[in-house]
Structures are given as structure tokens and as C-alpha cells.
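K.L.:
The lines below spell out each chain.
There are 2 protein chains.
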Amino acid sequence: MLEQQLRVPGPTPLPNRVLRASAQQMINHRGPEFAALLDSVVSGLKWALHTEHDVLLYPASGTGGLEAAVVNVLSAGERALFCTMGSFGNRWAAIAEAYGVDVVRLAVEPGEAIDPEDVDSILAEHPDINTVFVTHNETSTGVTNDLPALAAVAKGRGKLLCVDAVSSASCIPLRVDALGLDVVVTGSQKGWMAPPGLTMISVSPAAYERAAQSKLPRFYFDFAKEKKYQDRNQTFTTPPVSVMYAIDEGLRILREEGIENVWARHARVARMTRAAVRAMGLRLLAVEGHRSDTVTAVLSPAETPDALKDLLKHARTRYGLVLAGGQDDLSGKIFRVGHLGFVDDSDVYSVVCSLEQAMRDMGLQSRVGLAAAAALAAAREEETAAAEPAGVR
Amino acid sequence: MLEQQLRVPGPTPLPNRVLRASAQQMINHRGPEFAALLDSVVSGLKWALHTEHDVLLYPASGTGGLEAAVVNVLSAGERALFCTMGSFGNRWAAIAEAYGVDVVRLAVEPGEAIDPEDVDSILAEHPDINTVFVTHNETSTGVTNDLPALAAVAKGRGKLLCVDAVSSASCIPLRVDALGLDVVVTGSQKGWMAPPGLTMISVSPAAYERAAQSKLPRFYFDFAKEKKYQDRNQTFTTPPVSVMYAIDEGLRILREEGIENVWARHARVARMTRAAVRAMGLRLLAVEGHRSDTVTAVLSPAETPDALKDLLKHARTRYGLVLAGGQDDLSGKIFRVGHLGFVDDSDVYSVVCSLEQAMRDMGLQSRVGLAAAAALAAAREEETAAAEPAGVR
Chain L
22 MLEQQLRVPG
32 PTPLPNRVLR
42 ASAQQMINHR
52 GPEFAALLDS
62 VVSGLKWALH
72 TEHDVLLYPA
82 SGTGGLEAAV
92 VNVLSAGERA
102 LFCTMGSFGN
112 RWAAIAEAYG
122 VDVVRLAVEP
132 GEAIDPEDVD
142 SILAEHPDIN
152 TVFVTHNETS
162 TGVTNDLPAL
172 AAVAKGRGKL
182 LCVDAVSSAS
192 CIPLRVDALG
202 LDVVVTGSQK
212 GWMAPPGLTM
222 ISVSPAAYER
232 AAQSKLPRFY
242 FDFAKEKKYQ
252 DRNQTFTTPP
262 VSVMYAIDEG
272 LRILREEGIE
282 NVWARHARVA
292 RMTRAAVRAM
302 GLRLLAVEGH
312 RSDTVTAVLS
322 PAETPDALKD
332 LLKHARTRYG
342 LVLAGGQDDL
352 SGKIFRVGHL
362 GFVDDSDVYS
372 VVCSLEQAMR
382 DMGLQSRVGL
392 AAAAALAAAR
402 EEETAAAEPA
412 GVR
Chain W
22 MLEQQLRVPG
32 PTPLPNRVLR
42 ASAQQMINHR
52 GPEFAALLDS
62 VVSGLKWALH
72 TEHDVLLYPA
82 SGTGGLEAAV
92 VNVLSAGERA
102 LFCTMGSFGN
112 RWAAIAEAYG
122 VDVVRLAVEP
132 GEAIDPEDVD
142 SILAEHPDIN
152 TVFVTHNETS
162 TGVTNDLPAL
172 AAVAKGRGKL
182 LCVDAVSSAS
192 CIPLRVDALG
202 LDVVVTGSQK
212 GWMAPPGLTM
222 ISVSPAAYER
232 AAQSKLPRFY
242 FDFAKEKKYQ
252 DRNQTFTTPP
262 VSVMYAIDEG
272 LRILREEGIE
282 NVWARHARVA
292 RMTRAAVRAM
302 GLRLLAVEGH
312 RSDTVTAVLS
322 PAETPDALKD
332 LLKHARTRYG
342 LVLAGGQDDL
352 SGKIFRVGHL
362 GFVDDSDVYS
372 VVCSLEQAMR
382 DMGLQSRVGL
392 AAAAALAAAR
402 EEETAAAEPA
412 GVR
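One line per chain: the protein sequences are L and W, in this order. When you line the first sequence up against our numbering, it's residues 22 to 414, in that order. When you line the second sequence up against our numbering, it's residues 22 to 414, in that order.
Rather than coming from a laboratory, the hints here were simulated on the basis of the structure. Since this is a predicted model, take the numbers as computed values, not measurements. Just to be clear, a hint being listed does not mean it is correct.
All copies of an identical chain are treated as equivalent in the list; a pair is satisfied when it fits inside any one copy or across any two copies.
As the list claims (entries may be wrong) - In silico DSBU-like cross-links for lysine-lysine, where the CA-CA straight-line distance does not exceed 30 Å:
#: 1; residue 1: 180; residue 2: 246
#: 2; residue 1: 176; residue 2: 330
#: 3; residue 1: 248; residue 2: 354
#: 4; residue 1: 248; residue 2: 180
#: 5; residue 1: 176; residue 2: 334
#: 6; residue 1: 180; residue 2: 330
#: 7; residue 1: 354; residue 2: 246
#: 8; residue 1: 249; residue 2: 67
#: 9; residue 1: 354; residue 2: 180
#: 10; residue 1: 248; residue 2: 334
#: 11; residue 1: 67; residue 2: 354
#: 12; residue 1: 180; residue 2: 67
#: 13; residue 1: 334; residue 2: 246
#: 14; residue 1: 246; residue 2: 236
#: 15; residue 1: 176; residue 2: 248
#: 16; residue 1: 246; residue 2: 330
#: 17; residue 1: 67; residue 2: 248
#: 18; residue 1: 180; residue 2: 334
#: 19; residue 1: 330; residue 2: 67
#: 20; residue 1: 354; residue 2: 176
#: 21; residue 1: 354; residue 2: 236
#: 22; residue 1: 180; residue 2: 249
#: 23; residue 1: 330; residue 2: 236
#: 24; residue 1: 67; residue 2: 176
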């Protein structure tokens, strides 16, 4: 059987250490063994996120975490700003609309990032907006926002700031407390090297205060209920124990490497991937300066959506390379390469050579070897890359 | 290290086959391998639940499933009947209240079951009630409702019927379609022999119709969104892949045994547990005729809540036996033995002997050997038990 190279932007492949850890026997989630596990996981998350805030855990996908942010900090009819760069930004706004929030939407074209000045203008124009929602890394387009600049604007105007860091946290520099982020949502199946099933949310004291006043209906995702339990090392409802074993081991691996090294590794593999893709004559969706370190979106080299589908299927069935297509309006127009979590240089070589070979098979590429050569060269450019501003390239 | 006998009413211990299955490598949740896994899991759930209805899956604990039922079938201000026998019935009503539902509560004393005649009276008195919520098996008290009788009343009056079967499904006879149940909620960590993290909900055509009309805000738990994706063998948001591997293997084990045999096994281990506990001079919380086949609640043999805590701690630390205390108002007054999922006669012998030994150590028991003798005798009483009405004993 063909071994798969799973390179979608989550779920990510898991290290064997994590798979083994996840297969441990169940424990009582109201007992001392679980209390120790929860404490270890939360400590690790706080370490990786550079925060002293609580990190609340819910059995849910990242979308559940996004809903939790909305229902805890907003009230029906309240005006709030949602900055969206694609499918997941749109989803966050749609959640708020489903709950009757008066959504002001700042949207950009696919591949573009949010301009902090636009945020500032909207906040100046609408002084009744008290909360800003922004995606750190848009998984659907491979774009990373300049979060420090956006945070400076929103916090400078005294707004509560909620960040979707589902596909960035642990991979792209993110210092929650230094940036003053109030609610930061992430998910186990991205950079954390764990299976899907857990969403983790850092919550600032100001966000708790807001939650105490906000009026949207909630129960499962209520911050106060979860905090009450986590303060005594339990969770409100039954936690996904095997996912927590896994993320605990994933965090152990991250600690061994050191978070700055993890960030540098993601910057490197992303740079290698981009170089390889461009060497094949392909074009990137994301604009220069905002290209993601966790997912690269590539404009389709095929003439039709069906031909793109055929290429991705051929790569999967012939070479075991599993890439993602486009979402929503980008379906049939792009494909995406995930390079986050359990990924290193050797994976990039494998991915880009398999992609090149598959393209050649489908008549979309005439020469081979260009991708690997470009990736090899890009791997050596670390000094230059280090000079770029952290978190945005 | 002491091997634990985990006998709380979920999470349950997992068979090695399930643990190994859960440790398989991740796959693309938008690809053909996941489509096959989802199809297999859903088919197995429909088989076990005796239903042709859709079974929708959400990454969430059972409480998330209970919230999903509420937000999809009700509207704010609408009157609905919640029949509650304890903590989880109360929780379901509290969820509805959090969403502004006009909750009519039919509550009974801890250990008692819902009287179908009381349900009939309330429905006669409040013709504006269109929906009934009932717990099949109350995990906090070890009481099983007479679901066929309750369903006959609610469906006889043309009401939509939602059932919390989190701690009963796959263990206690439950034929969803034969009883006309509209929404049935269960969770992976109970009888299904899988880790926590997935809630599974069967949804009738009438429930979908109601959802299309109902007005409570929802996004993550929306039935229509999930159905749209599951109809093409995907899930709306990223699914908990490792839990799905596990439940697929758990379902394979259930199929090998045969669901009627699984039900009979649960009836037998419950009967053995009750006999053993009574032989030790202990009293059961649940009334005769409604004692659960999945969890036995036992009145505390200790004089104080602290002494009960000491007993449970001693059983855990000295004998590796992990039992559950009481919840909410029953804290310090009862303890609970879970016997669901991966459990057989041999586990009962181990559990009741360890409990007896621990009680003797703590001066709560003078003779030993009574529990095992009673369990051994009760194991042979199958013919008698089979004469009792299915699902209620």
C-alpha cells in the first residue's frame, strides 16, 4: 500500500510518539490523573502562546472555538467588526450573523491581507464598535495578517480583540500577552501535532468581564462555566481524553525543539515550498509580504476545474501526495499545500518532487528537477529570512 | 504500577483493539478514505440504534449533543416539556432556559423514574407544548425510564420527542424507529467503547422539518449544515478522526457480538452488580423496576461525605478501583459504579470484591466473600431476567 504524504492544512500527520500517546487507556476525568494531564496541557499551551491568561479547552473543532468567542463577548444587535480574508473569516462573521450581531465586514480580495489603516478608519467611523475579530492566518488563501499592526490599532482604540489563530498558533510567531489579545482561538489538529477534536481558547481578564455583561445565549461554550471547572483542574463536560494525551505529547516535542526554533522551521519550509512552486512556473495566490508559513495556496496550473481535480487525484493515487483543493469561490481555481506541525525540509523535497512528477504526467510540466533545486537553495537562505519582520513574510 | 479498574459511568475502559485503531495516522477529512470511514461509522450507528434516520456527528461531548437538540427544534419563548430525573435532565432544561425557552419541568425525586401518566397530564394541560425532552438513562441516579411507555404518550399526542440516550444507547434496548423517536443523542465515550469527543444524534424527518421552522440561533450545531455535508460523506467542520477510528472498531466488536447479546450482557452485569452490592448490606438509590443496566448508584455506607471520599480514595489508591461519587445534590451521599461498554462478568467479580475489601479496610464491612457469592449466583439468573420487560428492570 502506498504511504500517504498528508499535506492538507489540517489534520496534519502525527509523529509516532503522539500516536502512541493518544492510544493510552482512558482515565476518570474527575480524578487526579486527569487533573495532572489537564494542568500539563494548559501549562504547555500557555508557554507556546506566550500568555498568562487562562486557556479554556472545549471538545469541538476550530469552528466551535470561533462560535465560543462570539457568544461570550457579544450581545444581539451589537455592532462588531469582522475582518475577513476568506472562508474562515467569512465563517466567523456568519456565526455572528446567525446570533443576530450587527456585523460590519471588512473584506479583502482572496490573497490579500487586511490593511491596519482600514481597520482604524472603520473604528473611527463607528465608535459604537467595541469588538474586533481578525484572522491571524487564513487557511483558505494562505495569507497571514500583520497581527502586531492590527493589534496596535484595535488595542490603541481600546477595543476587545478576538483572533482566529487556528492555523497559525505554535507555527507562526504569536505572543498573546505582548500583543494584548483578548480571545485567541486555536485547534488541536493544526500546529499542535494532535488529532482534531479539541479547541483551545485563551481568554483575557477583559474578555471575562465582557462575558459577564454580554447577552448572547450560550451554555456549552460558556466561558464562565468552563473556567469554574478548569480552576479546579477539571473540565465542565467530558473532555476528549485521547486528544489531550496527544496534544500533551505534541507540546513535549515542541518544548524539546524550542518555540523559536519551531517558528523558524515553519518559516523555512514555507520559504522552500514557495520557491519550489514558483520554480515550476506556478503562481501564488497570496500577495508578497503576507504569505503564510503554514499553508501555501497555488493558482491552478490546469485549464479547467476538472483538470485540477484530475491532477490532485493523480498525485494522491499515483504518488500518495494528498493536497487540498480550494474552498468556496476558490474551488477549482487553486490548490493548497499544508506545511505545518509535523513537517521538515525532507517533507518539502518529497512533496514538491511528487507534485512536479504528477504535473509532468498530466502534461502540465515539461522539465523536472526544478522544484527540488529551488527548495534546496531556499533552505540555505535562513540569514536573509531572519531579517524579515516576525510573523509576516 | 497498579492497573486501574475504571468503573465510572464514562469514559469507559477501551478494548486494546479500539486503542490500536484510534492510533492510526491522520487522513484528509475531505478525501475518499474519510468518506469510507464516515459511511462505516454511520451505518454501524444506524444498525445499533435500529434506525433509518440520519445520524449526525459533531465533535463535542454529550452536553453538546443535548444543546444541538434544543437549538434545532425550539424557538425562543416557546413552551416545551423537560422530564428530569437528575443532573443530566436538569442540564438539558438549563440549556433550554439559557436560550430563552419557556421550560415546563416535570421533575422527580432522585432515584425515581418519570411516570408516563404525569407526562400525559401535563401535555393535556398545556396543548401549546409541541416538544418533549426525556432522559432514557439518568447517569447521575442510575435510573432508566420506561421509554416505550413515555414514547407512546408523547407520540400518541403528536409531539416531537427528543431523547437523551447518552448513557443508554448500545447498552439498553433502544429501537429508535419502532418507538418513533425524533431526536436521540448519544456520546462516544459510553457504550460505544470509544474515547470521548464525538456526539451522535439521530434526526427524524419530522425533526428536520421542525428545524427548518425553529428560530433559536445556531451555527456549529445546525442540523441542516451538518446534513448537507454528511449527505456527501463529509462533515461540516473537521471531525475528530481518531475518535472515529475508535468508534468504528467499537462498532465492529458490537456487530461481532450481536446487539441483542450486548443488551443481555449489560442486563446481566447490572443484575450481578446490584446483587453484590445488596449482599454487602448496601442500598440502591434507584427504585425497583427502573434500575439502570449501565450505572448503579449506591447510597453511601459512610457516616459523612468525607468518610465516603476516603473510601473511594482508598479503593482507588490501594486496589486500583475507580468509582464515581455523586453529582450536585447527591455529592457525598452516593457513589456510582459504571458497568457499560467494555465490561463482562469477570469485571464485576473484580469490582465487587475490591469494593468489599476496601470497605472492610475502612471498617464499613465485617465479613467478606458475600459480594462475589451474590454476583456468581445472579449471573445464573438469566432466564428470569429475560422475562422482564425490555429496557426496564
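K.L.:
Confirm or reject each hint.
P.N.:
Checked hints:
Taking the closest pair of Cα atoms, residue 180 and residue 246 come within 30 Å of each other only inside a single copy of the chain (24 Å); across copies the shortest separation is 32 Å, beyond that limit. With identical chains, the CA atoms of residue 176 and residue 330 are never at most 30 Å apart, being 43 Å at best within one copy and 48 Å at best between copies. Within a single copy, residue 248 and residue 354 get their C-alpha atoms only as close as 43 Å, which misses the 30 Å cut-off; across copies the closest is 26 Å, which meets it. Taking CA atoms no more than 30 Å apart as the test, residue 248 paired with residue 180 passes inside one copy only; the shortest distance there is 23 Å, against 37 Å between copies.
For a Cα distance limit of 30 Å, the shortest separation of residue 176 from residue 334 qualifies neither inside one copy, at 46 Å, nor across copies, at 49 Å. Within a single copy, residue 180 and residue 330 get their C-alpha atoms no closer than 43 Å, and across copies no closer than 47 Å, so neither meets the 30 Å cut-off. Taking CA atoms no more than 30 Å apart as the test, residue 354 paired with residue 246 passes between copies only; the shortest distance there is 24 Å, against 43 Å inside one copy. For the identical chains of this complex, residue 249 and residue 67 are intra-copy neighbours only, at 18 Å inside a copy versus 37 Å across copies, given an alpha-carbon limit of 30 Å.
In this homomeric assembly, residue 354 and residue 180 never come within 30 Å of each other (Cα to Cα): the closest approach is 37 Å inside a single copy and 48 Å across copies. Taking the shortest Cα distances, residue 248 and residue 334 sit within 30 Å of each other only across copies (25 Å), while inside one copy they are farther apart (45 Å). Taking the shortest Cα distances, residue 67 and residue 354 never come within 30 Å of each other, neither inside one copy (38 Å) nor across copies (38 Å). With identical chains, the CA atoms of residue 180 and residue 67 are at most 30 Å apart within one copy only, with a shortest distance of 23 Å there and 48 Å across copies.
Taking the shortest alpha-carbon separations for residue 334 and residue 246, only the inter-copy value of 26 Å comes in at or below 30 Å, while the best intra-copy value is 45 Å. For a Cα distance limit of 30 Å, the shortest separation of residue 246 from residue 236 qualifies both inside one copy, at 15 Å, and across copies, at 25 Å. Only within a single protomer do residue 176 and residue 248 lie at most 30 Å apart by alpha-carbon distance; the minimum there is 24 Å, versus 40 Å between protomers. For the identical chains of this complex, residue 246 and residue 330 are inter-copy neighbours only, at 24 Å across copies versus 45 Å inside a copy, given an alpha-carbon limit of 30 Å.
For the identical chains of this complex, residue 67 and residue 248 are intra-copy neighbours only, at 15 Å inside a copy versus 36 Å across copies, given an alpha-carbon limit of 30 Å. Taking the closest pair of Cα atoms, residue 180 and residue 334 never come within 30 Å of each other, the shortest separation being 46 Å inside a single copy and 48 Å across copies. In this assembly of identical chains, residue 330 and residue 67 lie within 30 Å of each other by CA distance neither inside one copy nor across copies; the values are 40 Å within and 32 Å between. Proximity of residue 354 to residue 176 under the C-alpha cut-off of 30 Å is found in neither arrangement, the shortest distances being 37 Å within a copy and 50 Å between copies.
Taking identical chains as interchangeable, the C-alpha atoms of residue 354 and residue 236 are never at most 30 Å apart, the minima being 41 Å within one chain and 36 Å between chains. Only within a single protomer do residue 180 and residue 249 lie at most 30 Å apart by alpha-carbon distance; the minimum there is 26 Å, versus 37 Å between protomers. For the identical chains of this complex, residue 330 and residue 236 are neighbours neither inside a copy (45 Å) nor across copies (39 Å), given an alpha-carbon limit of 30 Å. In the homo-oligomer, the alpha carbons of residue 67 and residue 176 lie at most 30 Å apart inside one protomer (21 Å), although the nearest pairing across protomers, at 51 Å, exceeds that limit.
Violated hints, listed in ascending order, are 2, 5, 6, 9, 11, 18, 19, 20, 21 and 23; each of the other numbered hints is respected by the structure.
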